[in-house]
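Q: Each step along the sequence shown adds one to the number in numbering that gives the first Met the number 0, with nothing skipped, and position 145 is 144.
There's no promise every hint is true.
Each computed DSS-like pair below joins lysine-lysine, with the alpha-carbon atoms no more than 27 Å apart [unchecked claim]:
(1) K159 to K192
(2) K144 to K257
(3) K159 to K144
(4) K9 to K139
(5) K192 to K48
(6) K9 to K121
(7) K302 to K144
(8) K84 to K192
(9) K257 to K126
(10) K192 to K49
(11) K122 to K257
(12) K231 to K159
(13) K17 to K231
(14) K200 to K17
(15) K17 to K121
(16) K49 to K159
(17) K121 to K257
(18) K284 to K302
(19) K9 to K143
(20) K121 to K298
(21) K284 to K257
(22) K126 to K144
(23) K17 to K143
(24) K302 to K159
(25) K143 to K159
(26) K122 to K48
(27) K84 to K159
(28) K70 to K298
Label pairs and their in silico Cβ distance ranges [as the list claims (entries may be wrong)]:
(29) P3 to K84: 27 to 35 Å
(30) P304 to Q108: 42 to 50 Å
(31) K139 to L256: 23 to 31 Å
Hint data in this document are derived by calculation from the structure and do not stem from the laboratory.
In this text, all values refer to a predicted model and were calculated from it rather than measured experimentally.
The beta-carbon is built from N, C-alpha and C at its ideal position, and this holds for glycine as well.
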Amino acid sequence: MAVPVIDFSKLNGEERAKTMAQIANGCEEWGFFQLINHGISEELLERVKKVCSEFYKLEREESFNNSTSVKIMNEISENKSNGGKLEHVDWEDVITLLDDNEWPQNPQQFRETMAEYRSELKKLAEKLMEVMDENLGLAKGFIKKALNDGEGDNAFFGTKVSHYPPCPYPELVNGLRAHTDAGGVILLFQDDKVGGLQMLKDGEWLDVQPVPNAIVINTGDQIEVLSNGRYKSCWHRVLVSTEGNRRSIASFYNPSLKATICPAPELLAEKENNQQQVDEIYYPKFVFGDYMDVYAKLKFQPKEPRFQAVVKAT
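Start from the sequences and build out the full structure, keeping to the hints where you can.
A: Structure (structure tokens):
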């Protein structure tokens, strides 16, 4: 099995219906799929690769080599102790870019390039959400409006620039532990040479194969709730290797912290009419900020209790 690769440009042609069905399958059966011909220029993507790799070399590599993760690995090596996989450590260097936080100054073109990239990714996310609306039988703009807490531009849009350097003990640590994403739509520009990203499908961990200049899409917990379980947030993780420095740039189109999230009324009615689905997860109504308080404590644990915990916390 391979994670679906979908040509997004065919939405505008004779193969629109087929492409819509492919995206529906990606959301319903996988929770992960890859978009090619998505409208973001290869020239911009090449600049993104360049500035992010240069940024790590200039600003982050030395500090990562002195990080807690590296110190823990060195201590294990010196003591020759191995208690199995470390469950509280990720082999990841990360910074987050928001519109209102301080961005790196080096390399010189980093800020300009990443601002342009983030603008293009946000537009792609909004196009994709319209496709989801249509596939779910919802009014155009429903998901965007829900994540923005009504009209306007209130959604949280963040970009996480990560690197996973070579690890001398890949059997002891993951690059990033298995989890589902808390938010809405996640758009990942992953390394096209160094793999490591895996998703869980039908009890089996599958590689999310590197595809040059593709954007990997996965749906978060809030899309699962809004779709009343039609679309599932998917467990995924990042493995490390002894070779290569894996670059990963993930953008998150998440709800406003004040947004109230609950299943679309049309989809609630649909499920009530289907008695075969009565035993599936009950999705409550909650404020996203309250959910994030719970998620921060339970990120790496099963997701169903998170939905229950957020109700008890409100």
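Q: Next, verify each hint and record whether it holds.
A: How the hints compare with the structure:
1. K159 to K192: Holds: K159 and K192 sit about 19 Å apart, inside 27 Å.
2. K144 to K257: holds, 13 Å
3. K159 to K144: holds, 24 Å
4. K9 to K139: holds, 19 Å
5. K192 to K48: OK: K192 and K48 at ~12 Å, within 27 Å.
6. K9 to K121: Distance ~20 Å between K9 and K121 Cα, so the pair holds.
7. K302 to K144: holds, 24 Å
8. K84 to K192: holds, 26 Å
9. K257 to K126: holds, 23 Å
10. K192 to K49: Holds: K192 and K49 sit about 14 Å apart, inside 27 Å.
11. K122 to K257: Given pair K122, K257 holds - Cα atoms ~22 Å apart, limit 27 Å.
12. K231 to K159: holds, 22 Å
13. K17 to K231: OK: K17 and K231 at ~21 Å, within 27 Å.
14. K200 to K17: Since the Cα atoms of K200 and K17 sit roughly 23 Å apart, the hinted pair holds (cutoff 27 Å).
15. K17 to K121: Cα-Cα ~24 Å, so holds.
16. K49 to K159: holds, 16 Å
17. K121 to K257: holds, 20 Å
18. K284 to K302: holds, 16 Å
19. K9 to K143: holds, 22 Å
20. K121 to K298: holds, 25 Å
21. K284 to K257: It holds: about 13 Å lies between the C-alpha atoms, which stays within 27 Å.
22. K126 to K144: Holds. K126 to K144 sits at ~13 Å (cutoff 27 Å).
23. K17 to K143: Distance of about 24 Å is within 27 Å: holds.
24. K302 to K159: Cα-Cα ~22 Å, so holds.
25. K143 to K159: The hint holds at about 21 Å.
26. K122 to K48: holds, 20 Å
27. K84 to K159: holds, 25 Å
28. K70 to K298: holds, 24 Å
29. P3 to K84: 27 to 35 Å: The hint (27 to 35 Å, Cβ to Cβ) holds, given that P3 and K84 are roughly 30 Å apart.
30. P304 to Q108: 42 to 50 Å: Between P304 and Q108, where Cβ atoms are some 45 Å apart, the hint holds.
31. K139 to L256: 23 to 31 Å: Cβ of K139 to Cβ of L256: about 25 Å, so the range 23 to 31 Å holds.
When each numbered hint is compared with the structure, no violation occurs for any of them.
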